Amino acid sequence: MTINTQKNPEINQIQPIISLLNNGKTQEALSIVNNLTKDFPDSSLLFNISGACYKANNNLEKAVESFEKAIVIKPDFSEALYNLAVIQKELGHINSSINNYEKAIAIKPAYPDAHNNLGNIFLKTRQLDTAIDHFEWAVAFKPDFFEAYNNLGLVHLEKNQVNNAIKNFKKAITINPKYSEAYINLAQSFKDLGQMNNAVKCYKELLTVNPGFAKGYLSIGIAYKAQGKIDKAIKNLEKALSIDSSFGVIYYNLGIIKEYVFSEKQISKIKSLLSSKKISSQDRINLSFALSKVHEDLNDKDQFFKFLHEGNRLRKKDLNYSIDTVYQNHAVIRKIFSTPPSIKTPKLFQECNKQPIFIVGMPRSGSSLVEQILASHKSVYGGGEMQVLRKILNPVLRDYLNQDKAVASTSIGGKKIQITAAENISESVFLSIREKYLDTMSDFDFPESIFTDKSLLNFHFIGFIFTAFPEAKIIHLKRDARAICWSIYKHNLPQNGNGFANNLEDLAEFYKLYSKLMNFWHDLFPNQIYDLVYEDLTTNQEEETRKLLEYCGLEWDDNCLNFHNSKREVQTASVLQVRKKMYQGSSEAWKEYEAYLKPLLNALSKF
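Each residue of the sequence shown is one higher than the one before, counting from 24 in the numbering used here.
Please keep in mind that the hints were generated in silico from the structure rather than gathered at the bench. Incorrect hints may appear among the rest.
Claimed, not checked - Simulated crosslink set (PhoX-like; lysine-lysine; CA at most 20 Å straight-line): (1) Lys126 x Lys193; (2) Lys112 x Lys126; (3) Lys621 x Lys329; (4) Lys182 x Lys194; (5) Lys535 x Lys414; (6) Lys224 x Lys238; (7) Lys281 x Lys262; (8) Lys358 x Lys539; (9) Lys301 x Lys281; (10) Lys201 x Lys238; (11) Lys131 x Lys190; (12) Lys292 x Lys255; (13) Lys147 x Lys414; (14) Lys85 x Lys97; (15) Lys238 x Lys292; (16) Lys201 x Lys224; (17) Lys255 x Lys224; (18) Lys539 x Lys629; (19) Lys97 x Lys126; (20) Lys414 x Lys501; (21) Lys182 x Lys165; (22) Lys147 x Lys182.
Claimed, not checked - Have a look at the derived ranges for each label pair, beta carbon to beta carbon: (23) Pro64 x Asp347: 32 to 42 Å; (24) Asn186 x Glu125: 26 to 36 Å; (25) Lys340 x Glu615: 46 to 56 Å; (26) Lys258 x Ser465: 29 to 39 Å.
Fair warning: this is a prediction, and the values are worked out from it, not measured in the lab. For each residue, glycine too, the CB sits at the ideal point set by N, CA and C.
With these hints in hand, go ahead and build the complete structure from the sequences.
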């Protein structure tokens with residue numbers, strides 16, 4: 024907290040309070056302050072200090088009262104306004120927090136901490152340009168503000184401006200070479216660009232300056248796993264565990280390595296941690312999934328599902344997920360494309376020097392295998408699960424919803440959905456989508472003329488893709504619904520956008536909605552989407568591969584049959600599978616657990 028040591032009472036009366044507060048003796052400090060306020064009832068300084076004491080004692084409501092009293096006494100007290108804004112943010116009163124940060128800055132423009140905190144709020148609320156403004160003011164007023172440079176990098180990362188993000192993360196590290204968070208974010212930026220070797224190098228640099236940083240070993244272990252270097256991955260994950268044996272995500276990442284077997288000591292530790300009430304919800308989720316893997320290996324199905332259900336239940340709760348949001352999103356998308364948009368001035372569209380192939384569908388549908396096949400072709404770069412299009416389209420959809428238009432209703436899956444009856448999206452918006460996407464792709468350094476984008480949930484955006492990228496190819500992966508949903512539920516998909524994955528009924532419902540939306544796209548764009556059935560690919564590898572390459576306009580390449588020999592990084596749960604030859608039967612794996620999957624199977628049978 025910021026404490027203003029200006030004279031209200033005498034300085035010698037204030038200094039002992041500050042000393043006690045700084046030494047953690049907050050209750051003693053508070054007693055002295057409260058006694059002093061009897062003699063100085065109009066001292067804004069004392070109320071500011073008492074607010075800091077209450078904050079340190081985690082009595083946030085009393086802290087708010089004290090800071091508000093300080094501001095009533097002295098309306099231009101910028102430090103008290105700042106302190107009040109900090110508390111309001113913690114209490115979830117976001118608009119009030121923003122208002123008081125802005126007041127503090129209006130009084131004291133050169134207030135880097137206020138700019139940084141305000142920037143963080145705007146980053147979280149997706150007001151990215153405003154966030155950038157405040158972070159830039161923060162570093163302008165405080166050039167060595169490494170945290171603000173790191174935050175600036177995070178905003179650029181969200182805006183798909185990866186090279187700008189890298190510059191800011193590097194600046195943060197230059198100022199503070201021991202700032203671990205910036206190394207982690209810098210490495211993630213390299214991973215987003217497909218530069219895994221640079222990411223590994225970054226992690227290694229981090230560990231030279233902070234050798235006891237468990238998250239660094241965790242991160243490098245995950246990177247090695249993506250490169251198929253399983254022995255190195257395990258070595259680094261175990262090193263992370265030796266530093267912090269209570270870090271749940273390490274156990275989870277060891278557990279998803281199929282060949283890894285937990286020791287009795289590790290299993291006892293996992294159980295001990297789960298019995299504790301002090302661990303975070305995220306650690307409890309990861310430990311539950313890790314223990315489910317232990318019991319799967321032991322073929323103890325009851326215990327396997329006990330911990331699998333618990334991990335998924337906690338994950339859904341943590342995300343505060345509701346399937347109703349999917350109904351709303353699909354209704355909006357259908358409304359936008361109820362009349363297919365047309366581009367009247369295609370000459371304005373800049374030429375696409377590198378042709379995109381979008382791979383879409385449900386997670387765990389075989390997409391990593393298909394991308395590995397395509398990326399084995401000499402003309403194709405495998406881009407992996409890029410989040411570029413989603414980041415571009417989210418604000419477009421949000422703006423569409425926020426238009427002040429009449430409310431209309433529609434029906435999806437038997438549900439009546441209220442949506443905004445907004446105007447159709449203009450040609451200029453599609454032009455902007457295209458330009459932003461291609462500008463971001465220019466940051467990727469690859470010589471191939473064709474690239475894949477395997478963000479599967481882009482199936483929501485097929486209308487945007489074909490309108491903004493008429494030259495694009497879209498491959499839709501299809502697989503047995505029971506195999507897909509079981510594999511999703513078992514694997515704890517990490518991205519927040521996969522909240523449907525953590526409940527068997529939600530999974531079935533999401534699958535139904537996905538199927539209906541894909542039927543909508545097929546009707547809207549007949550014969551343009553290529554459906555590839557995973558089971559057909561595994562049964563007739565060469566025939567299906569030839570048809571796939573023909574759709575993509577690619578000549579035959581024998582490497583596509585030997586995809587398992589590729590050394591490219593794979594950052595999905597299928598990293599180990601795609602390094603093996605084609606195999607059959609994985610779509611039958613759910614049958615072993617049929618008795619435990621009744622809610623899922625019953626729901627899917629009604630579709």
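Now the hints, each set against the structure:
1. Under the criterion of a C-alpha separation no larger than 20 Å, the hint pairing Lys126 with Lys193 is inconsistent with the structure, at around 32 Å.
2. Distance hint between Lys112 and Lys126 is fulfilled; the C-alpha atoms sit about 15 Å from each other, no more than 20 Å.
3. A threshold of 20 Å between alpha carbons decides the hint, and for Lys621 with Lys329 the separation of about 15 Å falls inside it, so the pair holds.
4. The hinted pair formed by Lys182 and Lys194 meets the criterion: a straight-line CA distance of about 19 Å does not exceed 20 Å.
5. At roughly 25 Å between alpha-carbon atoms, Lys535 and Lys414 are farther apart than 20 Å, so this suggested pair is violated.
6. Our distance criterion of 20 Å between C-alpha atoms is met by Lys224 and Lys238, whose separation comes to about 15 Å.
7. Restraint check for Lys281 and Lys262: satisfied, since their Cα atoms lie roughly 19 Å apart, inside the 20 Å limit.
8. About 14 Å separates the Cα atoms of Lys358 and Lys539, which keeps this hinted pair within 20 Å; it holds.
9. Distance hint between Lys301 and Lys281 is unfulfilled; the C-alpha atoms sit about 29 Å from each other, more than 20 Å.
10. A distance of roughly 14 Å separates the Cα atoms of Lys201 and Lys238; the hinted pair therefore holds under the 20 Å criterion.
11. The hinted pair formed by Lys131 and Lys190 fails the criterion: a straight-line CA distance of about 29 Å is larger than 20 Å.
12. The straight-line distance between the Cα atoms of Lys292 and Lys255 is roughly 23 Å, outside the 20 Å bound, and the hint therefore fails.
13. Of the pairs offered as hints, the one joining Lys147 and Lys414 holds, with about 14 Å between alpha carbons and a cut-off of 20 Å not exceeded.
14. Taking the CA atoms of Lys85 and Lys97, the gap is about 18 Å. The hint holds against a cut of 20 Å.
15. The hinted pair formed by Lys238 and Lys292 meets the criterion: a straight-line CA distance of about 19 Å does not exceed 20 Å.
16. Note on Lys201 and Lys224: the hinted pairing holds, with a Cα-Cα distance of about 15 Å set against a maximum of 20 Å.
17. For the given pair, Lys255 sits about 14 Å from Lys224 by alpha-carbon distance, which is consistent with the 20 Å threshold.
18. In summary, the hint linking Lys539 to Lys629 is supported, as the alpha carbons are separated by about 14 Å, within the 20 Å threshold.
19. At roughly 13 Å between alpha-carbon atoms, Lys97 and Lys126 fall within 20 Å of each other, so this suggested pair holds.
20. Between Lys414 and Lys501, the direct Cα distance comes to roughly 25 Å. Violation of the 20 Å bound is thereby established for this hinted pair.
21. Proposed proximity of Lys182 and Lys165 is contradicted: the alpha carbons are some 24 Å apart, above 20 Å.
22. Only pairs whose Cα atoms come within 20 Å are accepted, and Lys147 paired with Lys182 is accepted, the gap being roughly 13 Å.
23. Remark: the range hint 32 to 42 Å for Pro64 to Asp347 is contradicted by a beta-carbon distance near 52 Å.
24. Between Asn186 and Glu125 the C-beta distance comes to about 31 Å, which sits within the given range of 26 to 36 Å.
25. Here the CB-CB span from Lys340 to Glu615 is close to 28 Å, at odds with the stated 46 to 56 Å.
26. Separation of Lys258 from Ser465 is about 37 Å and conforms to the stated range, judged on CB atoms against 29 to 39 Å.
Figure legend: structure checked against the earlier numbered hints; hints not met, in rising order: 1, 5, 9, 11, 12, 20, 21, 23, 25.
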